[in-house]
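Chemist: The task is simple: from the sequences and hints, build the whole structure.
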Amino acid sequence: MNLFFIGIAIYLLTAALSIMVKESRKGLATACGSALGGIAVLIPCISSLASGESYTLAFLANYPIGQVRLLLDPFSAFFIMVIALGSIFCAMYGSGYMKQYHGKGKAVSAHFFFLICLFVAMLLLPVIRNAIVFLIVWEIMSLSSFFLVIFESEKKEVFDAGIFYLIMMHVSVILLTVGFLVLIRIAGSADFADFYEFFQSGAYRPASDLAFILLAAGFGIKAGFLPLHSWLPEAHPAAPSHVSGLMSGVMIKLGIFGILLMITVLGVPSLWVCYTFTAVAVLSALSGIFYASAQNDIKRALAYSSVENIGIIGIGIGVAMLGMAYKSPVTAMIGLSGALIHLLNHSLFKGLLFYGAGAVYMQTHTRNLNRLGGLFKQMPRTGTAFLIGSLAICGLPPFNGFIGKFLIYYSMLNCKGINGESLLIAAITSFALLAFVGAVSALCFTRLFSAVFMGAPRDRHADAVEVPLAMTLPMLLMAGLCLAGGVLPLVLLRIVEFPAAIITGGKNVPGIAVEFHDPLYVISMLSIGLILLTVLLFGLRTRLLRRQPATVSGTWGCGYDNPTSRIQYTAASFSMPFMEVIRPVMQREDTAVGVKGLFPLKAFFDFKFKDVFETVIIRPLGQGTVFLLTRLSWIQNGRMQYYLFYGIAFLILSLIWIIFW
Amino acid sequence: MKIIISVLMIIFFPFLISGIIRRVKSVWGGRKGPSVIQPFFDFSRLMKKSEVISRTVSPVFLVAPSASLAAIVCAAMVVPMAGKSAILSFNGDFIMFCYLLAFSKFMLVVGAMDTGSSFEGMGSSREVTFSALAEPGFFIIMGSFAWISGCKSFESIFQAIYNSGPAAGLLILLATIALFIMLLTEGGRLPVDDPETHLELTMIHEVMVLDNSGPDLGFILYGVALKVFLIASLIASLATPTGIGFAAGLVIFSVFVAAEAAFIGFLESVMARMRMTHVPQFVFMITALAIIIFFIVMTELGKAL
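Residue numbers (numbering that gives the first Met the number 0), protein chains in the order written: chain A, 0 to 660; chain W, 0 to 304.
These aren't lab readings, by the way, just hints derived from the structure by calculation.
Keep in mind that the hints are not guaranteed to be accurate.
[To be verified] No farther apart than 27 Å at their CA atoms in a straight line, the calculated lysine-lysine pairs in the DSSO-like style are these: (1) Lys154/A to Lys105/A; (2) Lys155/A to Lys609/A; (3) Lys21/A to Lys105/A; (4) Lys376/A to Lys98/A; (5) Lys415/A to Lys47/W; (6) Lys326/A to Lys302/W.
Modeler: Below, the structure written as structure tokens:
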């Protein structure tokens, strides 16, 4: 625990240092400080994850807060590990990425300051076990990330996205506050341990369900569950790439942390809540990947893919909740391990993909998939890392993404015999849809990767070169971790073993070892086999071709002799057949000026896919709020007399309230 | 012994299957046709050839065929063959099987996109679309089978499904049809895809490999044939009765696989390729059949509860 606070102190010192040093050194200072602080924070976490020990620290604060308890148990250690890893890579990459803004009068100093604020807030959140302090730190996290998003605030779309993000985060905070107030009101204390004593037995069922729904909605906004996901595709493209990588890889995971924390504190909610949660998760995964395949902006596509992955994590949590509700610890344990492993993996490969997108943006100044292409030859290291990230996020062996998905699938196979039909129907539906999501994500990421890195450049960006080492190194390290997780799944399992046991409450469940370890052991063998076989076949191929020099020629155009890079299949056309198949659920807006007459002048065709949830839910809500607030605007009329009257009225009313209640 | 036979089958059967399909088609068409082992000679010829490489490609294009074939070979490890026994078998192996095939597809698609040819882009786009539609059905079938048999690996599920109650015959029949459609989709056969030609805008699989040549093309062709063989052996070992001994199982299995190959040849002789817009409906039949299977399983499990 001491080392944890030393780490936090190093971060804070770095924040001060980053303000003082000159602009060109700020990035370096932040990177070094974060690396040092991150390692200091990681050590106690790893020891806690390895031994299952927990460390507590408690002190009394002033009246409304009460006792503040800090707890570093394997559950919080797991999340701190994800955050610390993410922050180390983010700061390293950021130091290279921000170089392009040096000397242009940008608020680089504030940027690095808030970046470290965000690190510290995120690192502190998992250990806090007091509702009020939790909310305060939560707010610091949201605000500092808001300032990071609006770094390029002179651009209108960036600023709008930032404001949208700010509003969504505060809707989330309102929901959280109300939820926590319900709990504090019943338990009479803001300490999570008191919540646990009151609610674990399920005695306060309707109230605790209500609180769970409110809190899950609040945390769900942060995590990006449907239908509250729409800030992700706005804020991620607007933010600088290392920030989007951090937000998407790490920050939204704190929403998941919150939901898991509420499960440990409040116990498993009623069955219908569990089923609804699972359904929401499945829908998030499905529509996330549908929208991701439709986007033409690389960072928007990645943002929607985060919605998908959060959905997959949610499916694992949903299965675990159902397993706990039906008293089947094995199912719960496997589902939750899968969810946690996928969470850790997603923080690696999603960060990696965003960093790759950032490197591409830095070199080409565009995020439009239909204008990129052929960058692999110019940026081989970024391209390799991006390819590994894409393979991993599709859940393909031998990379880490497969392990989490496998365990989530596997948990559903264990659903037989626990309960009647309803669970089986839920399990088979999510089983099949998860498979569908996996297959569509293969479409989505073959599309992303090939549109950016494969083929010939569609636009002129011949001057694109490989990005500096400060940016490629974190990407390659993360790619290496993705591969390591895939070939050593038992290490991943070891990491999540204690956290999953804490949440599901099952410490020594009989039969767990056989259920888990054997398949993962064979998977690891097969993954290694796959890598070796690939090397072997490639070696064979090279050997066969050694004496015969390859003939280099143009791409075979089926007889057409004069191809240009513009006749390549674009990203938009790549996903079109699939979009036609799912036409009923994807609203498309076509704008076309067709060819008319014998001598046509000008014709163009454009289309975009609308986010149904945004048009159906978010927009009307926003319009409704604006309508309501304009009706109430007479309250704030700017006359001093009225304001004095409000004050007096408030005092009198509170006097009456105190006297009569 | 079993493992050696399986390995030999993995090496030689894919060539034989392609040979049989070709032979049946030519006999049906009134020609004599090449020998059934001709695909093997084609393969060794490709291995000796040099390559023509496009100016556009990056190293990814060169690695893709090897990685793709490696994944299919790894997937072959878990598929039950003669006597319903696989080389490797573990709980949940069918999930790994699917994802290994997906890995191989991913690499091929990326490699095809690397050439920058619009034809190959078109083929890739269709390939990923149709395989995405085939996936959920397969998972529903395997999930339902896992529940009704109480097992979680290909090998044990296929062994147990025979004794899973009165509906077993019906389940196996439906699953066979569904898997056969999956075979046609994944293997790029008629009516989903026409493996004979690539000079049409309507092709899927053949058009993706336009720019591959030499050993790479050999790897890809063998990989596709191996994939056809793997799904065919899933069907064969699902339909073989249990408890008949290894030697009899081996004979029945080989006959089944050969019969499937002949049936594919027959289908390709009498059918035309579907219009591209109708293919998704055809592929979706897998899911429809799978849902029927699931409901049967539900009723069976409901009786047991």
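Chemist: Broken hints, numbered, in rising order?
Modeler: 5
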